[in-house]
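Student: Given chain A, work out where chains B, C and D with the ligands should sit, using these hints.
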Amino acid sequence: MGKIMLSTQDTAIIPREWYNVVPDLPKQLPPPVDRDEKNSSIQLLNQILPKTILKQEFTFQRYTKIPEEVQEIYAQIGRPTPLFRAHGLEKALDYHGKILIKYEGATITGSHKINTAIPQAFYARDEGSTGVVTETGAGQWGTATTVAASLAGITSKIFMVKVSFNQKPLRKEIMELYGGEIVPSPSMETEFGRQLLAKVPEHPGTLGIAISEAVEYALEHDLKYMLGSVFNSVLTHQSVIGLESEKQLEILGEEPDVMIGCVGGGSNFGGFVFPLMKKFKETKIFASTASEVPKFTKGEYKYDYVDTAKTLPSIKMYTLGSDFVPEKIYAGGLRYHGAAPSISMLVNSGRIKSSDVTEDQVIDALKLFARTQGIVAAPESGHAIATAIEYVKANRDSKETILVNVSGHGLLDMSIFQR
Amino acid sequence: MGKIMLSTQDTAIIPREWYNVVPDLPKQLPPPVDRDEKNSSIQLLNQILPKTILKQEFTFQRYTKIPEEVQEIYAQIGRPTPLFRAHGLEKALDYHGKILIKYEGATITGSHKINTAIPQAFYARDEGSTGVVTETGAGQWGTATTVAASLAGITSKIFMVKVSFNQKPLRKEIMELYGGEIVPSPSMETEFGRQLLAKVPEHPGTLGIAISEAVEYALEHDLKYMLGSVFNSVLTHQSVIGLESEKQLEILGEEPDVMIGCVGGGSNFGGFVFPLMKKFKETKIFASTASEVPKFTKGEYKYDYVDTAKTLPSIKMYTLGSDFVPEKIYAGGLRYHGAAPSISMLVNSGRIKSSDVTEDQVIDALKLFARTQGIVAAPESGHAIATAIEYVKANRDSKETILVNVSGHGLLDMSIFQR
Amino acid sequence: MAFLTCQFSRGEILLKPLILYFTADYPSTEILKSFLEAVDPDVVKYVEIGIPESNPLYDGPTIKATHSLALKNYKPNHLAEYTGILGRKGIPAFALSYYEKFNKLGSGYATFLKDAGFSGVIIPDLLTDYSEESDRIIPEIEEIFSFIPFFNPATPDGLINAVSSLTGSWIYYGLQPSTGIDIPFDLEEVSRRILDLLPGREINFGFGIRTTGQIGEILSLGSSGVAIGSLLVQYLNDKDLEGFRKFQESVKEVCASAE
Amino acid sequence: MAFLTCQFSRGEILLKPLILYFTADYPSTEILKSFLEAVDPDVVKYVEIGIPESNPLYDGPTIKATHSLALKNYKPNHLAEYTGILGRKGIPAFALSYYEKFNKLGSGYATFLKDAGFSGVIIPDLLTDYSEESDRIIPEIEEIFSFIPFFNPATPDGLINAVSSLTGSWIYYGLQPSTGIDIPFDLEEVSRRILDLLPGREINFGFGIRTTGQIGEILSLGSSGVAIGSLLVQYLNDKDLEGFRKFQESVKEVCASAE
Ligand SMILES: Cc1ncc(COP(=O)(O)O)c(C=O)c1O
Ligand SMILES: Cc1ncc(COP(=O)(O)O)c(C=O)c1O
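Residue numbers (numbering that gives the first Met the number 0), protein chains in the order written: chain A, 0 to 418; chain B, 0 to 418; chain C, 0 to 258; chain D, 0 to 258.
Okay, chain A solo, but in the shape it has when bound (with noise of 0.2 Å):
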């Protein structure tokens, strides 16, 4: 038999060590800044984050020990994820360079997100808080985090945007059989929440709002808040993605001419990227957006606040403004306004290239996809594979070997394709 499955889930694969490329960026990383002199959001973070995450957060190690048990944890949720050659795609593009495929929905949660959300529930468990809060929109995130919490053995609160909350009702079902609390924000459970639903009784809630529900809530029940995404701490989780591949593409024996992912708030394209780029310092690399959020392109690179609700620090990054409403795509993972402080760096400086793709395109290449390769990609992902099929069309004869990051499944998502 070919290597058509180039990986091997040999759990000697899954790296001991998180790398964090902020040392290796060409320039230093603009550090997160308070906007407002009496309230200190960086201090905000103090109170609740684990303290392991903060210290990950601003002290900027190459590379951190990955804890034993969530070396184990890791192995249990899927990982090493494979790595395959997309031999069926291949054919239907009639390419005859390679593309290979990283493919992050095998984890058991769906999505990359269970990476990060694994040591961030743990490390909250390590100092003694039971359980975790956060804030989902689509609701990969808040799956991930009420798994996380689960096998920790700490409780989970989500606050869930009304609308999807009303829209996605799969999604509460997920996150209840794992164990979490799921309220829809924004609720009576927060003052924050009770005085909008004082003034518009029928809110339908913003990913903001939830955040600051989710803050407010942490404070004031003395819990841990969990980071989904932008914040380097989680690209460094994130890691794995990329340090897997190394060894699997070592294994292989390939080298990857173009490298591939979305970026929604950059974790799973910045974990994937970071450590291969380090290796493969030649690589042609693409940040896959959706055209309706066109954050990189029609997006400035500055200092901006990471949530709507400016309860979390500034950044400097590209971004649409904090208060960019974007469309109701069906990609909700890459609604968000800015992307990681790293990224956008290296987006400022030309080294990574973007790409906006529409929803149609996406569709395409997502029934392709499925088609051809049998997995149902993630909407979010087909963003990455929209952008590596419009590459191969634009470069046929070029026999490059294309590694195409496709963060997650779609099975929890599929009313998108109800048009």
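Don't take every hint at face value.
Unchecked claim - Which residues of chain A face chain D? A few of them, derived with a C-beta cut under 7 Å, are:
| hint | residue |
| --- | --- |
| 1 | Val21 |
| 2 | Pro22 |
| 3 | Asp23 |
| 4 | Lys26 |
| 5 | Leu28 |
| 6 | Ser39 |
| 7 | Leu43 |
| 8 | Asn45 |
| 9 | Gln46 |
| 10 | Lys50 |
| 11 | Lys54 |
| 12 | Phe59 |
| 13 | Leu195 |
| 14 | Met276 |
| 15 | Pro293 |
Just so you know, the hints here were simulated from the structure itself, not pulled from any lab data. Glycine is no exception: its CB is placed at the ideal position from the N, C-alpha and C atoms.
Tutor: Leaving out everything else, chains B, C and D with the ligands in the frame of chain A:
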């Protein structure tokens, strides 16, 4: 790191031959028979099944070579699937033996069904068919069929029981995404369907009707019909589950004392248990079924029709009667009235024990499994888990090694928790 | 072709390739007798006579149909007439009978068959549906006359070894689970299995053999003989004695051409 | 503790551990002058004077607050008064100024600072926000006086090596990305990194140092000195000269007790 994930997703583990239990059964397998002297249903199989499937069904080689191409596709769809130790579950149950899980939910379509769909579709294509037809109730089998057909580059048409079609729009969605054509049954596309609808325009459909329509459609359009379970050739294809497990156990140095799987038609159970039974002669074996479909405890061991419509042959099996109408349980895949002849024979001889579990036990088991292992198992597989939990509770001090086949994930069936 | 021999000697015995199957009293006693008279002892080794049955479960549709008609004509005392004709040609006759009769009559039924002139009996459903009885009944039958084991590709290895060791007779190996239906199979694979399991035994193949070409192929693979059943029904239905004779001739030719 | 030394000699030079940071004209010119008069040359190595800024992005909330107030009092000609007081004690003064001023005034701004009595300048946002300018501006500044590289744990290795090779001066290493906020960090890890990258260089640590205990620890890890800023603001606000003097004494004691 400890050996928590006992699998290596090393394609070397994918078997090169399927195993057929028949030559190793203690008694001779009663063959499928015709009941109708005029219309031979066995002759019918001859017209609608690929020749290679018929060969495998009726000539009993112990080992059959898996075509190279099928081996490659097996790798692509996620084989070998993981075999891991369920530390979390063990801890929650305070069990001091080992619980090992073979997890078929890790395939791209989320269940073992793909293991047989692939060879059936590829044989059909090899024999010049342009497409395949089958029926589906809950949707797992239809989904596997559409993927397999797309990967083989042929069409697929699925007759889906109308009531499921209406209740499970996502199932229709995913099958279409995979390139299948989905028709609610009864339909106007067959004589059988048209006659039914003329009499009962609002007919909700049954699996029996869908089978009849699929068979008629295959005959009329010179397409191949795909067998979802029950038949011996299907169990043979499913032997990849047990054969992989055998190698994985060897790598781990483990020997199962108890093996547990769920039984609908018996394909995941037989595929899992038979290859292992050959090596581990002393293991206790439990077939888990739904209390609502107590085929082994309340059924009779006799010749009965495979399908309600009596289109396919009669086989000797435990059966509740081919016209048995099961309660509307959520585990759609376990509603079948009978079970594969080989399994039935061994239940009859006492080699395989059976265990009926209730809906409540299953829901509790699924919740516990989700929270301790992070996996949302399929409702069908929840039966196997529930039986394992029951066994552990009754044999707390045995320290036995219990190997459970979890046949699928339940991500597309979560509506069952909405009660 | 490795070896093909229609008449060959094993030790002292000259073996012939063909085994014919007829259902007793089908289509009528007289017609069947005329066919038995036409049996050619130069190519026919044994004749099987099926005892009519209301539910011949493991027969295919063609043979099944003969049973329901034969039941109407069947008289036990006809059997001796059939075996008599064959005996005069020096061809041993074997009865094919479902287990139900043994169940009712015990080994007395075997004595009856022996007295009717049969050299032995084949019980097609014994191993499938009554295998727990086989340890008891086979030795009882063997005290009286030959028990002919009937195996098919679905018979487990263990059972083949156990049952064949209870008898020294020839073995009937069905190529398919049911006769008269074209289920595709890999002749070489299926044959090799039984020959490997029981080296040195006389094994005759049957079920689903349709053409003289197939007969040649089966023999070339090492089988001792070939049983033909459904293929004869058309001749019987048409009272086509001439066709039947030609068929026997053609089998001889297949053998001759290959020798 | 491996080694702890507050006053130690490297080659010929006697080194003292403490570096103090003040924002110019905060809380008033007079109060600041009285504090500078109280600086103890036995323990204070350098003094940094921050040039008030409307948006001191990389300062923490405590220092940020001093800037907005200081801006109201600030007059460029006060600077020479401050450096004068320090000069009389033999303590070199270094200006801390954001890049914007260099952007506007070019290297003339460096000349101005030099003329105001400073021995060098620290530009906290240069490497973060204007690193493409650094290759050009650093040599220009070095022609005039010392450019003090400001690194922190977020500074990439490559940048640390490149920039420090452009100057022979001491190096300011911020333990945190922003001063005045308690972000937990592993002091040993963070220190080892810079000491390993730049062996033999004078590296002074700053940002987020809160207690005299921490000072001892940092020195024991091999740092050449410790910069203190936010910690002093309380003394300034309270005009607590006595407290300030005691603080300097306590640092001496930490050192003495450990020697
Ligand atoms: C499957 C999937 N991919 C990508 C993203 C985008 O997030 P990030 O850019 O942080 O990876 C999300 C976020 O929800 C997601 O669920
Ligand atoms: C996940 C899953 N498990 C088990 C079954 C039962 O089928 P079988 O007994 O053939 O494995 C089904 C059938 O749909 C299924 O989808």
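Student: Next step is simple, just say for each hint if it's right about the structure.
Tutor: Hint check:
Hint on Val21 (chain A) holds. Least Cβ distance to chain D is approximately 5 Å, under the 7 Å limit. Evaluation of the Pro22 (chain A) hint against chain D yields a held restraint, the C-beta minimum of about 5 Å falling below 7 Å. A hinted interface residue such as Asp23 (chain A) counts as satisfied when its beta carbon comes closer than 7 Å to some beta carbon of chain D; here the least separation is about 6 Å, so the hint holds. Interface hint status for Lys26 (chain A): upheld, as the beta-carbon distance to the closest one in chain D is roughly 5 Å, under 7 Å.
At a threshold of 7 Å, the smallest CB-CB gap from Leu28 (chain A) to chain D is about 5 Å, leaving the interface hint in force. At about 5 Å, the closest approach between the beta carbon of Ser39 (chain A) and any beta carbon in chain D falls short of 7 Å, and the interface hint on this residue holds. Annotation: interface hint on Leu43 (chain A) violated; nearest CB of chain D at approximately 10 Å, more than 7 Å. A least Cβ separation of about 6 Å between Asn45 (chain A) and chain D falls short of the 7 Å threshold, and the interface hint therefore holds.
Interface restraint check: Gln46 (chain A) against chain D, minimum CB-CB distance 10 Å, threshold 7 Å, status violated. The interface hint given for Lys50 (chain A) is met, as the beta carbon of that residue sits about 5 Å from the closest beta carbon of chain D, less than 7 Å. For the restraint placing Lys54 (chain A) at the interface with chain D, the shortest Cβ-Cβ distance is roughly 5 Å, inside the 7 Å limit, so the hint holds. Interface restraint check for Phe59 (chain A): the shortest CB-CB distance to chain D comes to about 5 Å, inside 7 Å, so the restraint holds.
Hint status for Leu195 (chain A) relative to chain D: violated, with the closest Cβ pair at about 28 Å, above 7 Å. Restraint check, Met276 (chain A) versus chain D: the minimum CB separation of about 13 Å is more than 7 Å; hint violated. The interface hint given for Pro293 (chain A) is violated, since its Cβ lies 24 Å from the closest Cβ of chain D, which is over the 7 Å cut-off.
When each numbered hint is compared with the structure, violations occur for hints 7, 9, 13, 14, 15.
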